[in-house]
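Model the placement of chain B on the given structure of chain A, informed by the hints.
Protein chains: 2
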Amino acid sequence: MTNELSDHFGDRLMAAVRVKKTPLVVGLDPRFKQIPEKLRLGVSDSAPEVAEVFRKFCFEIIDVVQGLVPAVKPQAAFFEQLGARGMQALADVIDYAVEAKLMVILDAKRGDIGSTAEAYARAFLGRKPKSNWGCDGLTINPYLGEDTLEPFVNRANETGSGVFVLVKTSNPGSHSLQEKETHQGKVYGLVGQHVERLSAASKGESGYGSVGAVVGATYPEQLAELRSAMPSTIFLVPGFGAQGGTAKDVEGGFDENGLGSIVNSSRGIIFAHAKPEYTELDCWQTAVEKATLDSMDRLAETTAGKLRSC
Amino acid sequence: MTNELSDHFGDRLMAAVRVKKTPLVVGLDPRFKQIPEKLRLGVSDSAPEVAEVFRKFCFEIIDVVQGLVPAVKPQAAFFEQLGARGMQALADVIDYAVEAKLMVILDAKRGDIGSTAEAYARAFLGRKPKSNWGCDGLTINPYLGEDTLEPFVNRANETGSGVFVLVKTSNPGSHSLQEKETHQGKVYGLVGQHVERLSAASKGESGYGSVGAVVGATYPEQLAELRSAMPSTIFLVPGFGAQGGTAKDVEGGFDENGLGSIVNSSRGIIFAHAKPEYTELDCWQTAVEKATLDSMDRLAETTAGKLRSC
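Heads up: the sequence lines are chains A and B, in that order. Letter 223 of the first sequence, counting from 1, is numbered 224 in our numbering, and no numbers are missing. Letter 178 of the second sequence, counting from 1, is numbered 179 in our numbering, and no numbers are missing.
You may find that some hints are simply not true.
One copy or two, either will do: identical chains are not told apart, so a pair holds if it fits within one copy or between any two.
Unchecked claim - Below, simulated SDA-like cross-link-like pairs (lysine to any residue); rule was C-alpha separation at most 20 Å, straight line: (1) 181 with 147; (2) 129 with 50; (3) 131 with 47; (4) 22 with 307; (5) 34 with 119; (6) 129 with 46; (7) 181 with 195; (8) 187 with 176; (9) 129 with 48; (10) 131 with 32; (11) 187 with 177; (12) 34 with 115.
Calculated directly from the structure, the hints in this document are not laboratory data. These numbers were taken from a predicted model, which means no experiment stands behind them.
Just chain A, with the same shape it has in the complex:
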């Protein structure tokens, strides 16, 4: 029943989704001004003090969601904003989530060439002591070319971790490069084809590989199209909730068993205390819990609802 039995990332993640009966992943995107006032009282905006608030805030969210969801996805940018002290807070948050038996997918969108890509891969991929950051998964960027994905994929396979390659992102301007039409099809489609090849080559018992794809919830048609073109690839689907993606929009990302995608929600959950429907609750943690359960319910109205009867 635990998700630690397998050394294969895809199998481990799909097992965690089955155990928690939901594909929902909670994004840890701390933004100082949106954090509950209680945690900010008397805190200056100096980097070390804000880093401490980020740490506490994320720890409390992990406490709330650890029994509910398979994974969390910390967003590196918000921690990096605070300099090296922010990075220490990020390291602590990753450790805390791992201790809480959550899988950790770091959203850092790294990418570089040759031995530099190898350094990024070694930095993040694989639980401690396999890497110094100790993550289960990492988002990576394909612009530099197919050869630059290799060091990440190799390291992921060696360490039982996984990567999610950006294929079709959730932002309004993602079309400007990703949807450019080439002689072999759209750019994102070509990246998707390559990712599927890598994923198929690392396929586990679950039928899914360790090389995933980021495909935004805000593009439901592309999501469904890519689902059928990429049968071995787990999708990390951002844009659900605050960015406008609905449960109906992510429906196309699931296979017939309700597997194959994990769906991230960040702001809609972690800042739920500020949403009209949750302001009446006794404390902000209850708002986070309620928002998590509500998101799980909405996702259960899709094919992902099949997980509930697994």
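Showing chain B alone in chain A's frame:
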């Protein structure tokens, strides 16, 4: 004569190139096993100890090159590999280089959407206290789309810093995405066009803007083609030296005054002590100095030689 007079990144960088009479930038890519043995004696491979070695090594390189070159380019990946302690070493190296009156371009290839891109921009762009890392420039990745470059460009313009957008990278597999032919031309060409528009809109007295482009020395034809297509854009040219790019290969990156490009060399300089032509020297720092001067001489055989008579 100093490069601090202007608040405009392009002007500041071109002034620094003119003052130092060279477009050479030294890349700080510490790799533990290649660092001079003297610095590694008695050091374990634990992250805190290695981070300390990286810090010392980079400090010494900065001491050697600070009077010679306009800028250094730390590579984030090698520091990230060591976890949060590595990030503290990176922060110290950036501070030390700024104190040494060098411009600092962080090679971190960041990229994300909306407010997350804004967080990365706020993290790195602008000297302290404008940002917590305090860099003059940052490399960024265009895959997520044109809208995702905006937060970086806006922040760069606000803080007198700059960005270098990946256009055509130096790795052998860069063709696999960047050279895909679309109905409007090759992918890298389209990215280049957009970068040129952004750069032209931020043009300073030097004729160059604050939005640069990364164009690899290993693709001399594309470099020359992009130079004429992107007259307002400063190029950051990696791949010179250890990656095989020669002075002749980078020639096409310069304008008629020997400006318009900065050329990075990392391994060829910082690990010069291990190269046959420098092993006879009294110490590794002398090898770094000699390799820097030799690289400057090689670049002076190109149009960049015009800087010497400025």
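Against the structure, the hints come out as follows:
1. 181 with 147: Both. Shortest intra-copy (18 Å) and inter-copy (12 Å) distances satisfy the 20 Å Cα cut-off.
2. 129 with 50: For residue 129 and residue 50, only the inter-copy Cα distance (17 Å) is at most 20 Å; the intra-copy one is 27 Å.
3. 131 with 47: between (33 Å within a copy, 12 Å between copies)
4. 22 with 307: within (8 Å within a copy, 67 Å between copies)
5. 34 with 119: Answer is between; shortest inter-copy Cα gap is 15 Å, intra-copy 36 Å.
6. 129 with 46: For residue 129 and residue 46, the Cα distance is within 20 Å only across copies (15 Å; inside one copy 32 Å).
7. 181 with 195: Cα proximity of residue 181 and residue 195: in one copy and across copies (17 Å, 14 Å).
8. 187 with 176: both (10 Å within a copy, 16 Å between copies)
9. 129 with 48: between (27 Å within a copy, 12 Å between copies)
10. 131 with 32: Between copies only: 18 Å across chains, 30 Å inside a chain, cut-off 20 Å.
11. 187 with 177: Both: 11 Å inside a copy, 13 Å across copies.
12. 34 with 115: between (39 Å within a copy, 17 Å between copies)
When each numbered hint is compared with the structure, no violation occurs for any of them.
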